[in-house]
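There are 2 protein chains.
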Amino acid sequence: MTGRIATRLAGALAASVLLAVPAMAQFKKAEDAIQYRQSAFTVMANHMGRLAAMAKGEAPFDAAAAQSSARIVDTMAKLPWEGFVPGSDKGKTGAKPALFQNPDDVKKLSQRLNEETAKLVSAAGSLETLRPQVGATGSACKACHDKYREK
Amino acid sequence: MTGRIATRLAGALAASVLLAVPAMAQFKKAEDAIQYRQSAFTVMANHMGRLAAMAKGEAPFDAAAAQSSARIVDTMAKLPWEGFVPGSDKGKTGAKPALFQNPDDVKKLSQRLNEETAKLVSAAGSLETLRPQVGATGSACKACHDKYREK
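Residue numbers (this note's numbering), protein chains in the order written: chain A, 483 to 633; chain B, 483 to 633.
Derived by calculation from the structure, the hints in this document are not laboratory data. One should not assume that every hint holds.
It does not matter which identical chain is meant; a pair holds if it fits inside one copy or across any two.
Said to hold, decoys possible - SDA-like mimics (lysine to any residue), calculated; alpha carbons at most 25 Å apart, straight line:
1. 511 / 547
2. 560 / 523
3. 574 / 608
4. 590 / 562
5. 578 / 625
Only a predicted model underlies this, so the values are computations on that prediction, with no experimental measurement involved.
With these hints in hand, go ahead and build the complete structure from the sequences.
Listed below in structure tokens is the structure:
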């Protein structure tokens, strides 16, 4: 092994350790990670519910409230993913085992959600633009739930 | 009763109903309100923990991560209060009955928290400014916990 390759390997190893440490360090126990991701989903679902009520005409449209809810949804949509740490497939979770076996697919689905929630923020200023974007965002939620969430 | 007073009373009643309806409409059951406020607190506490770890030197300071966590704390700090709806003093909650009897004091304490979390966002760019502001924000959390949260 040349010194250069050894240095590269050491560098790659150090980088992977550095990447791994912060993610795990956020949660002392797998249970904490489960509670964290569920909490982010709970807040997100509540504000999606408020937007859906406006979109369906069940609640009066309020641009300021819609924009606030859309921003909260967009912020929350970025959070749960780091909570799916190793070991958090057991316990009080509705996540299917398949979720932990398909990290690349979950990442793709979470990126789709993040794209839709960013559009939701832009769309929340008027009911005409909000309505279809609530639908598109809900579809992104559902795409992941259908595959990876217990019924 | 003069017509003018009756009109005023009717107006005040209508305003109070209008103010009450949106807050209640966000939660179908008191249990949902409890879960919502606890979820916001859980996400907030997790990110306060990340900032505290940096402030104490238990985790390396990372300006981007600190700013992201500070923004999440600031967003979360605005949310739990509407979850303290009538009837949500019972059930799976750690809120003391006194919280529901002192809404003005709770509002004052939540405003203090919101002021400190806004400063936290500004302070998160460097460890020197972050450190004291994590302390000040933690004190604002504690001021309310000491009075209104079960041990």
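Numbered hints the structure breaks, given as an ascending list: Checked against the structure, the only hint that fails is number 3, while the rest are satisfied.
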